[in-house]
Structure formats: C-alpha cells, structure tokens
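Student: This is what each chain is made of:
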Amino acid sequence: MLTFILRRLLSGVVLIAVISFLAFVLLYAGGGDIARRILGENATAETVAKKTEELGLNRPLLAQYGDWVVSALTGNLGRSWFTGELVSVSVSGRLAVTLSLVLGATIVSAVLAVVLGVLAARRGGIIDGAVQFLSLVGFAVPGFLIALLLVLVFAINLGWFKATGYVPITTSPTGWLASVTLPVVALSLGAIATVAAQVRGSVIDAMSRDYVRTLRSRGLGMGSVIYKHVLRNAGGPALAVLAVQFVGLLGGAVVVEQIFAIPGMGQLSVRSTTLGDVPVVMGLVIAFAVIVVIVNLLIDLAQAALNPKVRLS
Amino acid sequence: MMFRWKATAALTVVAALALAGCASGDTGSGGGDSGRADRLTLTAIAAPTSYDIGQGAEWGNRSPFFQAVFDTLLSKDSAGETQPWLATEWEYNDDNTVLTLTLREGVEFSDGTPLDAEAVVASLEHFRDGTAPQAATMAGKEFAAVDATTVTITQEAPDPSLINLLSIAPGLIQAPSTFDDPDSATDPIGSGAYILDTASSVTGTTYNYTANPDYWNADAVKYDNLTINVLEDVTATTNAIRAGEANGAKIADNNTISEVEGAGWTIESNELDFQGLLLLDRAGTMAPELADVKVRQAINMAFDREALLQSTQSGYGTVTEQVFPETSVAYDAALDTTYAYDPEAAKELLAEAGYPDGFTLSMMSTPAFQTTFDLVAQQLSDIGITVEYTDPGTGNFITDMLAPKYPATWMALEQNPDWQLINFMVGPDATFNPFGYQDPTVDGYIQTVQFGTPEESDQALKDLNAYLVEQAWFAPFFRVQGTFATDANTNLEFWPTNAYPSIFDFSPKN
Chain S
1 MLTFILRRLL SGVVLIAVIS FLAFVLLYAG GGDIARRILG ENATAETVAK
51 KTEELGLNRP LLAQYGDWVV SALTGNLGRS WFTGELVSVS VSGRLAVTLS
101 LVLGATIVSA VLAVVLGVLA ARRGGIIDGA VQFLSLVGFA VPGFLIALLL
151 VLVFAINLGW FKATGYVPIT TSPTGWLASV TLPVVALSLG AIATVAAQVR
201 GSVIDAMSRD YVRTLRSRGL GMGSVIYKHV LRNAGGPALA VLAVQFVGLL
251 GGAVVVEQIF AIPGMGQLSV RSTTLGDVPV VMGLVIAFAV IVVIVNLLID
301 LAQAALNPKV RLS
Chain P
1001 MMFRWKATAA LTVVAALALA GCASGDTGSG GGDSGRADRL TLTAIAAPTS
1051 YDIGQGAEWG NRSPFFQAVF DTLLSKDSAG ETQPWLATEW EYNDDNTVLT
1101 LTLREGVEFS DGTPLDAEAV VASLEHFRDG TAPQAATMAG KEFAAVDATT
1151 VTITQEAPDP SLINLLSIAP GLIQAPSTFD DPDSATDPIG SGAYILDTAS
1201 SVTGTTYNYT ANPDYWNADA VKYDNLTINV LEDVTATTNA IRAGEANGAK
1251 IADNNTISEV EGAGWTIESN ELDFQGLLLL DRAGTMAPEL ADVKVRQAIN
1301 MAFDREALLQ STQSGYGTVT EQVFPETSVA YDAALDTTYA YDPEAAKELL
1351 AEAGYPDGFT LSMMSTPAFQ TTFDLVAQQL SDIGITVEYT DPGTGNFITD
1401 MLAPKYPATW MALEQNPDWQ LINFMVGPDA TFNPFGYQDP TVDGYIQTVQ
1451 FGTPEESDQA LKDLNAYLVE QAWFAPFFRV QGTFATDANT NLEFWPTNAY
1501 PSIFDFSPKN
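These protein sequence lines map, in sequence, to chains S and P. Following the numbering used here, the numbering of the first sequence begins with 1 at its first residue and continues without gaps. Following the numbering used here, the numbering of the second sequence begins with 1001 at its first residue and continues without gaps.
Take the hints with a grain of salt, since some may be wrong.
[Stated by the list, open to error] So the derived list for chain S, only partly shown, Cβ under 10 Å to chain P, looks like this:
{"id": "1", "residue": "Arg7"}
{"id": "2", "residue": "Arg8"}
{"id": "3", "residue": "Thr44"}
{"id": "4", "residue": "Glu46"}
{"id": "5", "residue": "Leu86"}
{"id": "6", "residue": "Ser88"}
{"id": "7", "residue": "Val151"}
{"id": "8", "residue": "Gly159"}
{"id": "9", "residue": "Gly165"}
{"id": "10", "residue": "Gly276"}
[What the hints assert, rightly or not] In silico contact screen, one side only, chain P against chain S (beta carbon under 8 Å); selected entries:
{"id": "11", "residue": "Ser1050"}
{"id": "12", "residue": "Gly1056"}
{"id": "13", "residue": "Glu1245"}
{"id": "14", "residue": "Ala1283"}
{"id": "15", "residue": "Gly1284"}
[Stated by the list, open to error] Here are the simulated distance ranges between beta carbons:
{"id": "16", "chain 1": "P", "residue 1": "Glu1456", "chain 2": "S", "residue 2": "Leu148", "range": "54 to 62 Å"}
{"id": "17", "chain 1": "P", "residue 1": "Asp1181", "chain 2": "S", "residue 2": "Arg7", "range": "41 to 49 Å"}
{"id": "18", "chain 1": "P", "residue 1": "Thr1366", "chain 2": "S", "residue 2": "Leu148", "range": "47 to 55 Å"}
These are computed hints drawn from the structure, not numbers from a lab. A quick note: this is a predicted structure, and the numbers were derived from the prediction, not measured. Yeah, the Cβ is synthetic: ideal placement off N, Cα and C, and Gly gets one too.
Take the sequences, apply the hints, and build the full model.
Tutor: Printed below as a string of structure tokens:
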C-alpha cells in the first residue's frame, strides 16, 4: 500500500514538472508583447522597452523558465505582473473560495445523485423516466445558462441571494451562504445528472447479479441489500465518475465564478490567462495539478477501501 | 412531523437570508457621527496594476483606486478645470521652462511622515524613473525642493501639458518610505482621502477603503467607507446593478444602457474616445496609395458614420471627422461635415488619384470588434478598396500597430488635452504616428502651439486641426459615449476629461 502511494506521488511530481514546462512554453507561444499589454496604449516605446528589461523578458525562454523553476523550488512563485500581488498569496487566497464552491457542489451532487440514482433503479417507471429526463436536461443545458437563470430569479427578482461577489464565512456566515448558494447549485446540476445516471446503471447492473438473488433468497430486505451490498459494489464506478466530476467542476467554476464575479481560482485563471500574467498562471497550473493528483490518489484509496480486489493490483 | 420540522427550518433559513440581503442592500445612507454617508460602492472594469506609482500609476479607468489613497499635486473639478490640491499655487517663469509650486502646509502621509517638498520631489523622480505607462511624460524634467513648501519643475522646452499631467497619474504623491518595499504594490501609503483596508480587500477584485481620519480636506469626503468592485464581465455588471449591489457603475457596453435605465439608474456620460481609421502610412512606404491625399479623402467619404454609430454603439455617441475633442479650442463643429458619405464621389477621387479599379489595403482585425471590421471592409469595398484583414492575436494588436506592420488600422483612441493629443498621435515622435510621418506645415503649427503666446497657440491649434482634417490624416467615425450609471441614492457630476468619475464627485442623495 505504501509503495502504491509513493509511486502515485512520484508520478504526480513528474506530471507537475511536465505541465509547468508546457504551460510556460505555451504562454509564450500565445505571445504578444507582454510589456505593452501591461502598460497599455499610453506608454511610449522606450517605457515598454524598460519594462521588458525589468521583467527579464528579453532573455531566452529556457533561461526564464530555469529561473522560474529555481525560485519556485525555494517557495518563491514571484509576483503578478498585473497586480503586483505575491502569487502565493493570490493563489492560496482564492483556493479557499473555489474549494468551498467545488466541495460544496461535489457533496450536494454526490448525495442527490445517489438518492436519485437508487430511486430510479429501484422504482423504475415514472420516477426512472423523470430522473433520466432530468439527467438529460442537466447534461444538455449549459451551466452558464442555469447560472444566469438562477441570478435572475433568486438574486434579482426575489433578492434572496447575492448576484455578485463573495463574502468570507469569517466575515458573515449568512452573507457567505447568500453568496455561495447559487454558484453551488449552478455547478451541481450538471454533475448530479451525470452521476445519477451512473449510479442508476451500476445499481441496476448489480441487482441482476447472482449475489443479490442469493441475499434476497436468504430473506434480506431490499433496502438492506441495496444500502449494505449493492451500493458498495456500485460505489467504485460512481466514485470514479465523481472524481472526474470534481475535476470537471474546477472547470465549471471558471464560468460560474465569472458570472457571479466571485474571486476564486477560476476567475483568476480567466483573467491571468487572457492577460498573459505568466507568474500567476504558473502558480495556478501548479495548484490545479496538485489538486488533481491528490484527488485521484484519494479516490484510489477510497476505492481500495470499498473493494478489496483493487488493493491487490 | 419530521417533514414539517424540515420545512420550518428551510423557511427560517430563507427568511434569515432575505433579512441579511436587506441589511447588506442598505447602502448610501445612514452614516455615523461624521455627518457622512456610510458607504459608497462602485464597480470598475479594470484593477490597478500596482499601487507603487513608479510601476503602475494610471488614470483613465484605474483613476479611482489611485485617487482614493493618494493625492495629486493639482486636481480637476467636475467642469474639467484645474484646481489647487496639494499645491495651492503654481506659476511659470517667463519662458515657461520652470514651474514653481507652493505646497499646502501640514499634510501628512497615512503613516505619519510629513508630505513636504522633499517627499514631493522624491515621488516625482520615482515616477519619472519608473515604468508606469505615462513615465515618459516626465522624462528630462528636473525636480527641486527650494524650501519645505516650494517645489520647482525645470524643463528644457515648454510643455503645455504639464499642468494637466500634475492633476492625473504623474502628479500622484506616494510616501518615499515605501519606494523600496515590494509590498507597496498592494499596500499603498499616500496622503489620500481613504486608506486601503488590505485585510478585507481581494487584490484584483474587491478594494475596501476607510476614510482617512486625518485627511486635510475632510469636507470633500462624503462617505466613511468606499468599496470598489472590479467586474470585468458585462453581464456581472448588469446583474450587480439590477440586484442593487452598487451605487455607481462603469458601463463598458453601451448596448446595455436601456437595461440599466430600466433598473431605475441614472446615466451620466461624456465623450472621451473616438473610433475610426488611423491612416498611418501617409508617406506611402508600405501602401503607396495612401501617400496621395485624394486616396485618404476618398476613404473618409466611404463611411456612413451615422449607420456605423447605430449598428455598433446603439447610437450612443456623436459622429465626427476630427480627432480633437469638443472640449478643445481646436475643435470646430463645421469640420465634422467635411466628408459627406458619398461612395460615387469617393470612386471619382480614387480614379483621379490613378486608382480607377481600386486597390488592396492590409489592416488588422480582432474578434471583439468583428461587426465593426465587417462594416469597414464592406464600406471600403463599395468604393473599390479591398481590405485584407489579419488577426494578430489580442496581445499583439497594439504592438503590431506600432511596429508598424500595417499601413492603416481601426482603433479606439483617447482624445487627450491638446498638447498630450499632439504628442500621442500627431507629432513626429508620437506613439500613434509609428511611421514617424512629418509634414512641414504640421511641424510649424506644433512649434507655435509649444512656444507661442496663448493667443498664437490657440490659433495654431485651430489651424492644425483644420489641416489634419483637410489632409485626411485620419478617418474618424464617431466619439463614443463614455457611460457611468448611478443608483437612486447617489448624485454624480461626471467630469468631461476622464473615463471614470472623480471619487469626490459622488455624494449621497437625501
């Protein structure tokens, strides 16, 4: 087990190294004169040249990347070219915001998806049809459209929640709830649809297995069979889907944070990528990569806990 | 029973949220012992790049962030006139090369250090030697502290824009004790009306300020707290307005104006930018056709400016054919009807110039303004000019324009005060004269503007403007309406000279 974890962590480090290099190169290929972009149209050519020199942008790409790696290894990710903020502060400050959205959405969608999936599998008929229809809708309707609709109804017309901005939970718990509820709902809907469909399929599949018939023949109740045995077997694939969803939700957060003007990693990604704010983008890339590696590791461990057969491989 | 309990709990939560919503929506009035209103919440479309003035001092859409924490040496009132601020008096010597400023006494930075002549000199030098966008405007100028409250600015030749510059970014005064501290990029120390509350602010997104308790001009401060939220997304801005989450908002897209008015907000506007073609290659080094003034005039006649304004700006703005703003002495309303929309006459002019079959012109495009580019290409093709567009990528648009890689280009540019405008887009070294095109007549007018008496200078400006229109250096389409909206609780007088209002021009309505 320990070697399994160590191997996973090592490949994670390699992955991060490769991704950081690719991101660096791509950012420069996306190109443009970054100093000019920072300074805008009012700056003269001399000021632009001075800024280029100041940021070391006139040096070879590999030398710049080398410098970045060296200082990153000492824990210094530099400062944003567009706000002057320390990248470590920028990224960690927004990490909590995005994680509260994404974790919230993951929990909401996991709970609801399991309930709906099991209901659909067990009851069939109208409920099954309804769940399948909702899955289809949730899957087909883009998240931003749902987000805009939610803002219109619950923030602008009813005034229950905030249309823009984020309130830290430490400042005001009710304010925090008012600011995260709509984004979490907007984020969850698509995930609920996908995971519920997965749970439904797994449960139906598991129920047709011999062991269920055996258990039933011994007089166990249907509820007991499903919650004690079937879900345990169906849980593996559902967890895998949930993991994919979690990573997907990070992507969804990009759009949702933009619409709700929430200062999370998604909003920061959009802004710093379009601006070409290399230090911040690199910080974000590292943070995202670390999150993905950790999530995948946790999911593997959870699957191993659920199903002993996985542990052997 | 269980379910009823749940329903009750849900209702309670909803009610609590609704109450919280009401409470947080209560802005603009109330207030404490100060006699001021509690909080002014504004939205902006761009965050400051760095609060260190040597790195990021900027006006335009970034002005409120700097204006909140720093003072400028001079200021502009809501009519656009220069007024005393940190400097109470200012005077030129006879040949306009030395400006003497008298500073207000007893002003302190928010860290308690005195704001005296030495601090002002250090701050001006810090700006001049740094890399803020307008750093070059102070190049070659020398600053000296004569005594504790007197500063002189010495320059080789007169700079008619200096007074204006001291009321915007180059005139910002930062505490010298913070120059070497990299944290001054996000934690500024100035003498301004407000102090940035870094603990509750999120750099790039939300900026919270509290009123400076020791501010020298306390009467000008109308709110105890100031919040500026950066909303880059047009939809987010409209949502914030409709949900009542701000008192004032910069409107980046004029096509949303009717929706903003529908929410009960008031529109304030000015006209700062013009959009149109810059016919940069007037010597014809890259596109020989543009060397002929008839070709440039024909291009001017090719555009149905009213139609362009309607289709790209919902009509918000004013058609124009000159690059000097309405507030300038150079402005002449009659010049705006020099080139009536007349494709047939334009074709004849092209034929006279030796291009009866037209020619091909290469220009840049960018996806954000696709409609404009399509319309421009279509109107030019009507007179026989085929446009070949290249999309250089967003980050390269200005760089490639100034390289220069294209003989002509569409652009939205600010109409600065006269001398700044000349140095920005007309003079031989102007940033937006990338081919360095020079014309002795233009040079003569520029010379008079700089060295002449005020009367001679005004006349030269008028002549210069008329000449630029006649010579068709540009093909302006219209001045775009700059739009700012305020809610029912807030008064605003929007100065005509900047993209964002002065924070001192907001006041609570009671």
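Student: Does each hint hold? Answer for all of them.
Tutor: Structure-based check of all given hints:
1. Among the interface hints, the one on Arg7 of chain S is violated; its C-beta lies about 39 Å from the nearest C-beta in chain P, farther than the 10 Å criterion.
2. Interface hint at Arg8 of chain S: violated, since its Cβ lies 34 Å from the closest Cβ of chain P, which is beyond the 10 Å cut-off.
3. A cut of 10 Å between beta carbons decides the hint on Thr44 of chain S: the least distance to chain P is about 4 Å, and the hint holds.
4. The closest approach between the C-beta of Glu46 of chain S and any C-beta of chain P is roughly 6 Å, which is under the 10 Å cut-off, so the hint is satisfied.
5. At about 8 Å, the closest approach between the beta carbon of Leu86 of chain S and any beta carbon in chain P falls short of 10 Å, and the interface hint on this residue holds.
6. At its closest, the beta carbon of Ser88 of chain S sits 12 Å from a beta carbon of chain P; the interface hint therefore is violated under the 10 Å criterion.
7. With 10 Å as the threshold, the beta carbon of Val151 of chain S comes within range of chain P, its nearest partner Cβ sitting at about 5 Å, so the hint holds.
8. Against a cut-off of 10 Å between C-beta atoms, the interface hint on Gly159 of chain S holds, since the closest Cβ of chain P lies about 5 Å away.
9. For Gly165 of chain S, the shortest C-beta to C-beta distance to chain P is roughly 6 Å, which falls under 10 Å, so the interface hint holds.
10. Taken as an interface hint, Gly276 of chain S checks out: its beta carbon lies about 6 Å from the nearest beta carbon of chain P, inside 10 Å.
11. At its closest, the beta carbon of Ser1050 of chain P sits 4 Å from a beta carbon of chain S; the interface hint therefore holds under the 8 Å criterion.
12. For Gly1056 of chain P, the interface hint holds, since its Cβ comes within 8 Å of a Cβ in chain S; the closest pair sits about 7 Å apart.
13. Contact between Glu1245 of chain P and chain S, as hinted, is supported at the beta carbon level, the nearest pair being about 6 Å apart and thus within 8 Å.
14. Because the closest C-beta pair between Ala1283 of chain P and chain S is about 19 Å apart, greater than 8 Å, the hint is violated.
15. At a threshold of 8 Å, the smallest CB-CB gap from Gly1284 of chain P to chain S is about 23 Å, leaving the interface hint violated.
16. Distance hint check for Glu1456 of chain P and Leu148 of chain S: the Cβ-Cβ separation is about 58 Å, which falls inside the suggested range of 54 to 62 Å.
17. Range check, Asp1181 of chain P to Arg7 of chain S: Cβ separation about 45 Å, and the 41 to 49 Å hint holds.
18. Range check, Thr1366 of chain P to Leu148 of chain S: about 26 Å between beta-carbon atoms, so the 47 to 55 Å window is missed.
Of the numbered hints given earlier, the model fails hints 1, 2, 6, 14, 15, 18; all others are met.
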